[in-house]
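Engineer: Listed here are the chains, written in short residue letters.
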Amino acid sequence: MSPLPSSAARPSSIASDHSPEFPLSVHDLTVAYHRKPVLWDLDLDIPKGSLAGIVGPNGAGKSTLLKACLDLIPKTSGEVLIYGKPYEDQRDLVAYVPQRESVDWDFPVSALDVVAMGTYRKIGWFKRVGKKQKEQARAALEQVGIGHLADRQISQLSGGQQQRAFLARALVQDAEIYFMDEPFAAVDAATEQAIIELLQELNSRGKTVLCVHHDLATVSRYFDWLVLLNMRIVASGPTKETFTRENLQKAYGGKLNLLEDAAHALQNVGR
Amino acid sequence: MSVADLHIIASSGFFDTLIETLFLESYNTRLVVLGTAFLGATAGIIGSFLLLRKQSLLGDALSHATLPGIGIAFAVMVALGGSGRYLPGLLLGATITGLLGVLLVLAIRRTTRLKDDAAMGIVLSVFFGLGVAILKIVQEIPSASAAGLDSFIYGKPASMIMSDLIIIGVTLLLTIVICLIILKELTLLCFDDSFASTQGYPTTFLDIILMGLVTAVTVVGLQSVGLILIIALLITPPTAARFWTNDLRKMLWLSAFIGGLSGWLGASFSAFFEDLPAGAIIVITAGIIFLISMIFGPTRGVLPRYLRQRQLKRQVGRQHILRSVYEIMEAEQESHPLKNLPISLERLRDHRVWSKGELPRLIRQARSEDHLERQPSGELRLSESGFGEASRITRNHRLWELYLIKHADIAPSHVDRDADMVEHILGAEMVHQLEAELELQEHTLESPHVIENETPPNAV
Chain X
35 MSPLPSSAAR PSSIASDHSP EFPLSVHDLT VAYHRKPVLW DLDLDIPKGS LAGIVGPNGA
95 GKSTLLKACL DLIPKTSGEV LIYGKPYEDQ RDLVAYVPQR ESVDWDFPVS ALDVVAMGTY
155 RKIGWFKRVG KKQKEQARAA LEQVGIGHLA DRQISQLSGG QQQRAFLARA LVQDAEIYFM
215 DEPFAAVDAA TEQAIIELLQ ELNSRGKTVL CVHHDLATVS RYFDWLVLLN MRIVASGPTK
275 ETFTRENLQK AYGGKLNLLE DAAHALQNVG R
Chain Y
91 MSVADLHIIA SSGFFDTLIE TLFLESYNTR LVVLGTAFLG ATAGIIGSFL LLRKQSLLGD
151 ALSHATLPGI GIAFAVMVAL GGSGRYLPGL LLGATITGLL GVLLVLAIRR TTRLKDDAAM
211 GIVLSVFFGL GVAILKIVQE IPSASAAGLD SFIYGKPASM IMSDLIIIGV TLLLTIVICL
271 IILKELTLLC FDDSFASTQG YPTTFLDIIL MGLVTAVTVV GLQSVGLILI IALLITPPTA
331 ARFWTNDLRK MLWLSAFIGG LSGWLGASFS AFFEDLPAGA IIVITAGIIF LISMIFGPTR
391 GVLPRYLRQR QLKRQVGRQH ILRSVYEIME AEQESHPLKN LPISLERLRD HRVWSKGELP
451 RLIRQARSED HLERQPSGEL RLSESGFGEA SRITRNHRLW ELYLIKHADI APSHVDRDAD
511 MVEHILGAEM VHQLEAELEL QEHTLESPHV IENETPPNAV
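One line per chain: the protein sequences are X and Y, in this order. Residue numbers for the first sequence, in the working numbering: 35 to 305. Residue numbers for the second sequence, in the working numbering: 91 to 550.
Derived by calculation from the structure, the hints in this document are not laboratory data. It cannot be assumed that every hint is accurate.
Keeping only pairs whose Cα atoms sit at most 25 Å apart, straight-line, the calculated PhoX-like set for lysine-lysine is [said to hold, decoys possible]: (1) X:K274 / X:K70; (2) X:K82 / X:K274; (3) Y:K144 / Y:K340; (4) X:K156 / X:K70; (5) Y:K340 / X:K168; (6) X:K166 / Y:K403; (7) X:K161 / Y:K340; (8) Y:K403 / Y:K446; (9) X:K70 / Y:K205; (10) Y:K226 / Y:K246; (11) X:K109 / Y:K205; (12) Y:K205 / X:K165.
These numbers were taken from a predicted model, which means no experiment stands behind them.
Model the full assembly from the supplied sequences, consistent with the hints where possible.
Structural biologist: And the structure:
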């Protein structure tokens, strides 16, 4: 992959000015797949303790942004800092919940096994999952409301229960920052409610949560910080300030049906 | 039954040889049968991970890509003045081009937008074609006997010697040890590689270990099952094992067992069909075990699943018809306790919407279970046991409805359908729990919603 001409590259000395207080700061991030840029010159700071939503049309690069932050895909240029340091030095501070469809739910493991995977890093190489980790995993499953399903094989869980198991896996990591890729996609209403309550609970304990989200109608109810993304950052800031008609129009462009959704959503602002 | 007993039963020569082979009585067969069994077990273990990593076809590309290496290694060894048929040299060549094939697939995957299956298909067929051509060329080298190189294609376990058995045994041990040591890491890699990567696990390195073991078993198995069929030994045992269990550990052991059994039986059988390629017989044996697993495997087998569905369907049908009869009797009678009086077929037909042919089938079923009797007048009447069952079913249904209304905020008009779905799986314990929850003592319950007759479908 040939690097793009870094037209907007700034001197690297500025990069280090990013305050280490920010759980996540993205600086001049560009990501390209097959020479086609997906993210362009992103600059982004997420303040500590925010419950932030990343919103934008399909193909805006929302998941790509998360993956680039977690070194899952190569960055063409730019840097991502977690509390002032590169991700590879801060893995223990970050928990990641991928999209539910990204794994094979027919895999021969139980819900408890999946949750216990969140403890592997702490256990270390070669050692088995011990009693303590199993208890942690069980507690996390209780916390997301499916403790009674711990020993079920994961294909026997409903979509919402699978999402809850993923969330429980993130919980056992006991991280500071939670990256969530569409946690509300295709789950039942009860699960959506349970998940948002959990995220709010994490948030109230000072954790930072970053959520890729697609439902504009719930944005103002769920998130106190909003990133509007469409290959570039359209807006990033407190939801009250950024969730505006102009910003949505900029992010969603001429996609009229979405604009209607947005207009509808805007009516809900402040309720 | 001991081996000695079997001997007495098997007086004919054919059975003598069969038993001799199966129970490893002669040195040569012992070697061959043990060797293929070990190979099958190794392939069963490592194949499980390959399958779960969704890379089975990569294993196929690898095995086919070994062929040019065998030809080239032969030519090189002849050129250096050797015999050309020195086995470790041939296997080294096989390993090199096999890995080259895998690397090529990975390179195509990374640099182009070709789909995986296309990339593997191209590498697999081109390398194999190349191998066939090279083999043809080296066979024409004068003064070098290349005869027997073909046996790498279809396999020839009978050519196995003690050192081969040792190599296979070591590979098996190595595979078991490595897989046990990094079981946790391999599981994570196969289930969710991006999560593994965020946790700091070197996924590429783990993949290399996995592919390294696949390469080892492929190369070691070239001699006995051949490069075309080794993939079957990698895929068939784990897929068969999957029908028996939902637990990864059990699946691994079972897959090793099935692989080992296929090797054992296959090699034994092939002693009788000397004209047929042994690799094929081993694979057919594995295929038969797969077929049996697919049909009878208790966890995901076709037959158990069908039986479970049929049983549920019968149970649901029974509850529908008995409750309907009970509700009709309730509607027709003023007085309590309810008397078991006959009802008309028309009344039953109009009581709820039955799908086509369902009602006659359910009546037949209920009669065969002695729940329902047909009166000489043509009317239907519950038997004594049917009456008891019907009142129990109706009560459970209403218990559940009440629970839903009280605790789940479901409108009474909607509750019937949800109760319908759940009541079929209510066990005695849950019924007690429901009773306690709802603080109920009395035996009969009134329906929490109005029971209407469904409009018959032909009136719509």
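Engineer: Which constraints among the numbered hints does this structure fail? Numbers only, ascending.
Structural biologist: Numbers 1, 4, 6, 12 - these are the hints that the structure violates, sorted from lowest upward.
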